[in-house]
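K.L.:
The chain contents come next:
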Amino acid sequence: MDYRKARQEIVEKNKGIRDKRTTLEEAVGMINDKDHVAVGGLQYTRTPMGVLWEIIRQKKKEITFYKPLMSFEGDWLFVSGAMGKAVTSWFSGGVTWGVSKIMRTFAERDPDTFEEWSLLGLSLRFKAGAMGIPCIPTKTMLGSDLEKIRGLERFTCPYSGEELLLIPAVNPDVAIIHSQIADKYGNAQIFGPPCLDIETAKAANRVILTTEQIVDNEHIRDAPNSTNIPFFCVDAVVELPFGCYPHECYGRYEPAYEKLGEYGQGLLKAEDKIGFVREYLDKYFYQPADFEEYLELFGVRSLLETTRRGRIWPQ
Amino acid sequence: MSNYNPAELTVIMGSRALQDGQLVFAGAGLPLLSAIHAQKMHAPSLSILFEVGGVAPRITSLPRSTNEARSVRRSVATPATIDMMLYLQRGFVDVGFLGGAQIDRHGNINSSCIGTLEKPKVRLPGSGGANDIASSANRVFIISYHEKRRFVEKVDFLTSPGFLEGGQAREKTGLLGGGVEKVITNLGILEFDKKTRSMTLTAVHPGITEDEVREKTGFELLVAEDLKTTTPPSDEELHSLRALDPEKRYLKAGDF
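Line by line, the protein sequences are chains S and D.
Everything in the first sequence is counted per this note's numbering, starting at 1 for the first residue and increasing by one.
Everything in the second sequence is counted per this note's numbering, starting at 316 for the first residue and increasing by one.
Honestly, the hints are just simulated from the structure, not real lab data.
In this text the structure is predicted, and so the values were computed from the model without any measurement.
Each statement offered as a hint is correct.
Below, a list of computed lysine-lysine pairs in the DSS-like style, where the Cα atoms sit at most 30 Å apart:
| # | chain 1 | residue 1 | chain 2 | residue 2 |
| --- | --- | --- | --- | --- |
| 1 | D | K436 | S | K148 |
| 2 | D | K567 | S | K101 |
| 3 | S | K273 | S | K59 |
| 4 | S | K34 | S | K273 |
| 5 | D | K487 | S | K139 |
| 6 | D | K567 | S | K269 |
| 7 | S | K101 | D | K436 |
| 8 | S | K148 | D | K463 |
| 9 | S | K59 | S | K269 |
| 10 | S | K148 | D | K510 |
| 11 | D | K510 | D | K469 |
| 12 | D | K509 | D | K463 |
| 13 | S | K85 | D | K434 |
| 14 | D | K543 | D | K567 |
Make a model of the complete structure from these sequences and hints.
P.N.:
Set out below in structure tokens:
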């Protein structure tokens with residue numbers, strides 16, 4: 001998005017401290033086809049899965065998704081047609097399930113569908129976007145083929161004479177983020193690593209926040225130093241317990257390794273990879289009436305097991 | 316002498332290369348085992364960093380990736396990913412461990428694609444934090460299974476910089492980090508000639524010959540005049556290592 005236009009969107013925003021609670025369906029309605037959407041979390045930690053799930057159900061098309069590290073959700077977004085391009089530093093099922101065959105199918109057919117950056121390079125795009133500047137200098141990626149394919153400009157520091165690369169800012173249309181707790185205004189407190197969510201929340205023009213638990217505003221004010229994202233960055237708040245499942249939410253539940261494994265192994269074995277993912281989407285994404293019915297498909301045992309392994313008390 | 320498999324041998328050599336007091340970026344799998352093993356054996360004040368946002372975690376259950384809660388548990392701090400990566404640029408990170416689908420004679424690493432990016436034979440997962448570690452860690456240790464298709468004359472795609480074209484190319488481009496100091500494989504240890512920055516075999520593991528390493532390397536291998544033989548893993552080292560991965564998730568026999 002155009003740098004000045006991105007700033008203007010924030011200038012014109014209603015920054016009132018007001019109740020932003022809504023449904024998952026309505027929140028995702030804020031996302032348009034071909035939008036640029038930044039996804040919070042990292043690989044399979046604190047992925048806003050419920051929002052991705054609803055994006056696929058609403059049959060959004062050709063969205064450019066930014067995610068620092070992509071996992072199986074990238075398969076689902078590609079095959080459903082929701083993702084036109086993945087902007088990421090790493091795209092794979094996971095260390096133990098090998099390289100994503102779906103990523104390979106798409107990226108080997110059309111290399112432009114997978115835009116690769118280094119992890120710091122992509123992080124700095126959000127950082128610059130969050131700082132309200134159009135680019136930011138760094139030493140990372142100098143001399144590599146990533147510098148070449150991204151067409152990055154070099155710049156000599158006028159003070160030190162050091163050679164630097166200039167990383168262009170990104171201001172996504174929408175950022176989707178999941179936190180452990182938030183109040184109805186969108187003051188979000190993330191427990192554990194915030195990943196890149198603080199940067200993306202500021203860089204994006206709109207933010208959809210899902211949260212394990214909506215808490216009273218007084219609870220937020222009791223520990224203001226724990227608030228990572230203040231209300232004025234956020235446009236919609238949805239309470240969505242197990243909103244990262246089958247990924248994890250730090251301090252609440254671990255990844256559902258066995259369920260991810262079923263998908264990963266199934267995909268490895270399947271002859272028709274795309275067909276396998278289509279069936280998976282049909283069963284887990286299109287058929288369920290709502291997110292709770294989706295969770296029911298995996299079963300209460302899995303929810304309890306991931307909770308037992310992952311919960312940290314007190315938070 | 317105890318029996319040990321190639322993965323166990325390589326992890327122990329990686330562990331020995333680490334020093335007390337260091338800050339280490341270690342990915343899941345063998346590098347993480349090397350780092351935890353070093354803490355237990357000889358480097359109690361060494362700390363591990365994870366890009367997801369973990370500083371000095373206590374790892375009680377081996378994570379499947381470095382980007383999940385298991386790799387962050389009991390950390391002293393959980394900074395944002397960008398801050399973790401910027402510790403590299405600032406000079407805090409003493410050692411970064413890397414591996415890759417291809418490694419060339421100057422220590423450049425490819426984890427992006429086999430073939431060209433426009434027409435890839437195989438599209439690989441990509442850099443992740445590898446380029447950033449290679450760019451700015453104070454030193455890099457590559458841990459790899461030693462085979463001809465991996466050790467190539469020139470990488471198809473230069474994801475993570477070693478010494479680029481060799482000589483002073485790395486310094487000239489303005490990169491901060493020290494580049495690759497050691498390549499640790501199941502056959503031996505390779506370092507880089509000070510002048511040409513070409514990979515040079517400096518030690519072989521017990522029972523491995525120079526010719527065997529040459530056969531499994533896809534470029535003309537330089538061999539140090541004073542080629543050494545590493546000390547085999549001790550019973551104590553092996554015992555300590557096996558306790559870290561009782562399910563043998565990473566310490567399987569065969570290649571890795």
